[in-house]
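There are 4 protein chains.
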Amino acid sequence: MSETIKVGVLGSNGKVGQAIVAAVSDADDLTYTVGVDRGDALTSFVDAGTEVVVDFTHPDVVMDNLKFLIDNGIHAVVGTTGFTEERLEQVRTWLGDQPRSGVLIAPNFAIGAVLSMRFAQQAARFYESVEVIELHHPHKADAPSGTAFRTAQLIADAREDAGLGPSPDATTSELEGARGATVGGVHVHSVRLAGLIAHQEVLLGTSGETLTIRHDSMDRASFAPGVLLGVRQIATRPGLTVGLDDFLDL
Amino acid sequence: MSETIKVGVLGSNGKVGQAIVAAVSDADDLTYTVGVDRGDALTSFVDAGTEVVVDFTHPDVVMDNLKFLIDNGIHAVVGTTGFTEERLEQVRTWLGDQPRSGVLIAPNFAIGAVLSMRFAQQAARFYESVEVIELHHPHKADAPSGTAFRTAQLIADAREDAGLGPSPDATTSELEGARGATVGGVHVHSVRLAGLIAHQEVLLGTSGETLTIRHDSMDRASFAPGVLLGVRQIATRPGLTVGLDDFLDL
Amino acid sequence: MSETIKVGVLGSNGKVGQAIVAAVSDADDLTYTVGVDRGDALTSFVDAGTEVVVDFTHPDVVMDNLKFLIDNGIHAVVGTTGFTEERLEQVRTWLGDQPRSGVLIAPNFAIGAVLSMRFAQQAARFYESVEVIELHHPHKADAPSGTAFRTAQLIADAREDAGLGPSPDATTSELEGARGATVGGVHVHSVRLAGLIAHQEVLLGTSGETLTIRHDSMDRASFAPGVLLGVRQIATRPGLTVGLDDFLDL
Amino acid sequence: MSETIKVGVLGSNGKVGQAIVAAVSDADDLTYTVGVDRGDALTSFVDAGTEVVVDFTHPDVVMDNLKFLIDNGIHAVVGTTGFTEERLEQVRTWLGDQPRSGVLIAPNFAIGAVLSMRFAQQAARFYESVEVIELHHPHKADAPSGTAFRTAQLIADAREDAGLGPSPDATTSELEGARGATVGGVHVHSVRLAGLIAHQEVLLGTSGETLTIRHDSMDRASFAPGVLLGVRQIATRPGLTVGLDDFLDL
Numbered sequence: 001m002s003e004t005i006k007v008g009v010l011g012s013n014g015k016v017g018q019a020i021v022a023a024v025s026d027a028d029d030l031t032y033t034v035g036v037d038r039g040d041a042l043t044s045f046v047d048a049g050t051e052v053v054v055d056f057t058h059p060d061v062v063m064d065n066l067k068f069l070i071d072n073g074i075h076a077v078v079g080t081t082g083f084t085e086e087r088l089e090q091v092r093t094w095l096g097d098q099p100r101s102g103v104l105i106a107p108n109f110a111i112g113a114v115l116s117m118r119f120a121q122q123a124a125r126f127y128e129s130v131e132v133i134e135l136h137h138p139h140k141a142d143a144p145s146g147t148a149f150r151t152a153q154l155i156a157d158a159r160e161d162a163g164l165g166p167s168p169d170a171t172t173s174e175l176e177g178a179r180g181a182t183v184g185g186v187h188v189h190s191v192r193l194a195g196l197i198a199h200q201e202v203l204l205g206t207s208g209e210t211l212t213i214r215h216d217s218m219d220r221a222s223f224a225p226g227v228l229l230g231v232r233q234i235a236t237r238p239g240l241t242v243g244l245d246d247f248l249d250l
Numbered sequence: 001m002s003e004t005i006k007v008g009v010l011g012s013n014g015k016v017g018q019a020i021v022a023a024v025s026d027a028d029d030l031t032y033t034v035g036v037d038r039g040d041a042l043t044s045f046v047d048a049g050t051e052v053v054v055d056f057t058h059p060d061v062v063m064d065n066l067k068f069l070i071d072n073g074i075h076a077v078v079g080t081t082g083f084t085e086e087r088l089e090q091v092r093t094w095l096g097d098q099p100r101s102g103v104l105i106a107p108n109f110a111i112g113a114v115l116s117m118r119f120a121q122q123a124a125r126f127y128e129s130v131e132v133i134e135l136h137h138p139h140k141a142d143a144p145s146g147t148a149f150r151t152a153q154l155i156a157d158a159r160e161d162a163g164l165g166p167s168p169d170a171t172t173s174e175l176e177g178a179r180g181a182t183v184g185g186v187h188v189h190s191v192r193l194a195g196l197i198a199h200q201e202v203l204l205g206t207s208g209e210t211l212t213i214r215h216d217s218m219d220r221a222s223f224a225p226g227v228l229l230g231v232r233q234i235a236t237r238p239g240l241t242v243g244l245d246d247f248l249d250l
Numbered sequence: 001m002s003e004t005i006k007v008g009v010l011g012s013n014g015k016v017g018q019a020i021v022a023a024v025s026d027a028d029d030l031t032y033t034v035g036v037d038r039g040d041a042l043t044s045f046v047d048a049g050t051e052v053v054v055d056f057t058h059p060d061v062v063m064d065n066l067k068f069l070i071d072n073g074i075h076a077v078v079g080t081t082g083f084t085e086e087r088l089e090q091v092r093t094w095l096g097d098q099p100r101s102g103v104l105i106a107p108n109f110a111i112g113a114v115l116s117m118r119f120a121q122q123a124a125r126f127y128e129s130v131e132v133i134e135l136h137h138p139h140k141a142d143a144p145s146g147t148a149f150r151t152a153q154l155i156a157d158a159r160e161d162a163g164l165g166p167s168p169d170a171t172t173s174e175l176e177g178a179r180g181a182t183v184g185g186v187h188v189h190s191v192r193l194a195g196l197i198a199h200q201e202v203l204l205g206t207s208g209e210t211l212t213i214r215h216d217s218m219d220r221a222s223f224a225p226g227v228l229l230g231v232r233q234i235a236t237r238p239g240l241t242v243g244l245d246d247f248l249d250l
Numbered sequence: 001m002s003e004t005i006k007v008g009v010l011g012s013n014g015k016v017g018q019a020i021v022a023a024v025s026d027a028d029d030l031t032y033t034v035g036v037d038r039g040d041a042l043t044s045f046v047d048a049g050t051e052v053v054v055d056f057t058h059p060d061v062v063m064d065n066l067k068f069l070i071d072n073g074i075h076a077v078v079g080t081t082g083f084t085e086e087r088l089e090q091v092r093t094w095l096g097d098q099p100r101s102g103v104l105i106a107p108n109f110a111i112g113a114v115l116s117m118r119f120a121q122q123a124a125r126f127y128e129s130v131e132v133i134e135l136h137h138p139h140k141a142d143a144p145s146g147t148a149f150r151t152a153q154l155i156a157d158a159r160e161d162a163g164l165g166p167s168p169d170a171t172t173s174e175l176e177g178a179r180g181a182t183v184g185g186v187h188v189h190s191v192r193l194a195g196l197i198a199h200q201e202v203l204l205g206t207s208g209e210t211l212t213i214r215h216d217s218m219d220r221a222s223f224a225p226g227v228l229l230g231v232r233q234i235a236t237r238p239g240l241t242v243g244l245d246d247f248l249d250l
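So the protein lines, in turn, are chains A, B, C and D.
According to the UniProt record's numbering, the first sequence is numbered sequentially starting from 1.
According to the UniProt record's numbering, the second sequence is numbered sequentially starting from 1.
According to the UniProt record's numbering, the third sequence is numbered sequentially starting from 1.
According to the UniProt record's numbering, the fourth sequence is numbered sequentially starting from 1.
Keep in mind that the hints were calculated from the coordinates and are not lab data.
Heads up, a few of these hints could be off.
Copies of the same chain look alike in the list, so a pair counts if it works inside one copy or between any two.
Unchecked claim - Below, simulated EDC-like cross-link-like pairs (lysine to aspartate or glutamate); rule was C-alpha separation at most 20 Å, straight line:
hint, residue 1, residue 2
1, K140, D29
2, K15, D37
3, K140, D169
4, K15, D29
5, K140, E176
6, K67, E51
7, K67, E3
Only chain A is shown next, with the shape it has when bound in the complex (with noise of 0.2 Å):
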């Protein structure tokens, strides 16, 4: 008998949750319990013998969700913003010292996204150049996009470790901007086109030759495929892992 993972989903209403809960009736190896959302009773998922929670909800509730999952031994995988240090030391200690969950808490779970920064890192210091072009819609508000300020922090370090100084660059007569941001010593451009969605490049360049890597995000379905393998997975993986890159294995 082929067995499937039990999974339940907080914040089953909204835009992600209602994603995600297709995309878990979808997986073969997957079986949909119950979807909880504000005013529904936590004890549900206990009730449906529900072994992973996904959850999406709020900053102001997730705290006591995680409280809830972790005393009842169900494992969870969380894409809820606002975790602070503070927060994840909490999270650790209702783990103690011998979890009986598994806690996956990511900022980011588009795949492309994490692997994009991790190629750059990896990448970084055999380059003597490296910029980053992030472009989104014109209704972002902040410039760059913060995958884009974290990917050039990653970038900016991996340099520092290999001894690299800044990038060459001759400029002596720039029009205000032109050459962009700067984060930790790396350029980033933020281009905002009506059309797109939410895109980035990092282009690492040495003599005659260049690397690009490009992430293209076309809907909010990206996260899916990052949520499921966490699913998967988090039942190995006892205690708190936070960001989704230690799943993958590289």
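Given chain A, put chains B, C and D in place with the hints provided.
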């Protein structure tokens, strides 16, 4: 009998000059007559029956060259820089009302650069958003490039003619420089990367779709096809023409 | 007082129809009058003083719709498929010598697709080499796409008109299919990839430079700007126009 | 006192050899000792106290070169082609159980090509779909390129290890060749275009997102950084290493 056009080169020992001598020699419909460089007599063009002379020399000598060619009824295709409105007016005076010579003076002979600008201009009025990214080797002194600056200006003019306001942009939190420079309201980003040569992208976007026009210059040879195109048509265009655009019949 | 154009929609309950109703309602210079779908009376367009009707319906009903609109002096912008030369001739006959209505019938309203084809056609004669890559979601049945096929044909015609032979190609050892399909001598490559929507690149190359024209369709909304452009201009173009190209004034 | 590594070059008069002599001479931490080409004595490496020799010569002579270098305790970094398993075994025998020399033999020293392959391999198991596009100048005889073929094989192996079946593809009507060649089930497309040099894209896709890894080689100098990386590390890697990958510590 198949006639070929007799072509001479001014500045024939320079890097660009040599490339043009090679390109002319390779073309079946052109015959290379003679090259003239510092210290050589311009009269050798006449002696060799030269019909068209290509001039990639220096602002200090180009006006004397043009005077000689016009006086001798020879056509000129000129890539030398430094043509002010005053100099252009002088050339027009020399050509007179019934010019025997055609003179083409162009700041950029890379056909792809000329086409990119034209297409960007034509497309501009159909798109809510437009931005320009130019990418060059790290030895470049100015940012943005002259071509990107000119492209942005042409786009800005086309948008104004079409009654379009600024591209939508909800940025409220910007790391300084992230959104690039602006030229006539068009955002322009300059990337400087080892391994690159000279590249430019115009990105246009509206609801659900984007159009990208990209030009890549891989080496100096990229001006050759534009120069040959000028050489082949100049006899049919007496008088002064500024810019390769008019020869492209778009 | 600022006048707006009164616009109705045929097939207003379909996915495309709903998107057009929304786009018309959002536009300041247009007023949405009424939608008609299966079972509704066409006369409601007249009753509401409709000036332009957009038709995205079905080949089975579109001819009756057009007959009614032309008889009532209403302009039509039509995205419905299945127009043979015979059908087009019938529409011309209905319009007569002194047409009161303008009728625009176009197979593709995505402005970027139309511009891409036009630019590829214009650029073709300046480049030794050209190839087309189209990239779509993996549910597509035909390879290459209809748009890529048409683009390649237009390029092939432009090359022939310019007296260009085949693009250079020294391939002597080919794994079957590696060099793609050929349409009029132009190589066309079809990529099918989960996560993609509808994308096309035309690559043109000559000595030392390449020009790339890329169109990305992110969602169904990409036809809306083209439809609105047609709606705004149709009153000034009595008679039949086939294809959006003529409305773009390139 | 800052020590530099003493480096000699075999095949120093060839195009590649000259580029390596230049790159070694430019590096602050390396000292160029002597170049050897056809007819020159290998003993001059010993006389000049050479520690590492770079060999870009010919299959006919490379084995004799390696025998000499190993006998004299000199390290070797080898880009010459034609190494069969039999030849590699011979080199291992010469090196013996307690090798004094390190020998690095690599088919491709462009770091970007090596990284592209590695990243494609690492990413392959997370994506439903993958295809490879390689783009080269039109003088290339084989399609697909050796690098694209190898990349597709590595991806196919990684997918098989992960238990992935074929990429989804609903194509029912194909113009012959449109979907490219297949290598281990992975579709590979070969573009040949004037103006291009050597380029490759790996496209990976899953629900709502794609990841693209692109490598652009602009000129022959692109192997130099990889060769220098080998030269700097070879003393710490006694015995035989095949492929630059292991030196990259990914």
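Go through the copies and call it for K67 and E3: within, between, both or neither, with a Cα cutoff of 20 Å.
neither (27 Å within a copy, 59 Å between copies)
Tell me, please, which holds for K15 and D29 at an alpha-carbon limit of 20 Å: within, between, both or neither?
For K15 and D29, the Cα distance exceeds 20 Å both inside one copy (23 Å) and across copies (33 Å).
Within a copy, between copies, both or neither: which one fits K15 and D37 at a CA-CA cutoff of 20 Å?
Answer is within: at 12 Å inside a copy they meet the 20 Å cutoff, but 30 Å across does not.
Can you tell me if K67 and E51 fall within 20 Å by alpha carbon in one copy, between copies, both or neither?
within (15 Å within a copy, 63 Å between copies)
My question is about K140 and E176: at a cut-off of 20 Å on alpha-carbon distance, are they close within one copy, between copies, both, or neither?
Close across copies (16 Å), not inside one copy (22 Å); limit 20 Å.
Checking an output row: K140 and D29, CA cutoff 20 Å. Within, between, both or neither?
neither (37 Å within a copy, 27 Å between copies)
Given identical chains, is K140 near D169, meaning Cα to Cα at most 20 Å, within a copy, between copies, both, or neither?
between (30 Å within a copy, 8 Å between copies)
The structure fails hints 1, 4 and 7 (numbered hints given earlier, in ascending order).
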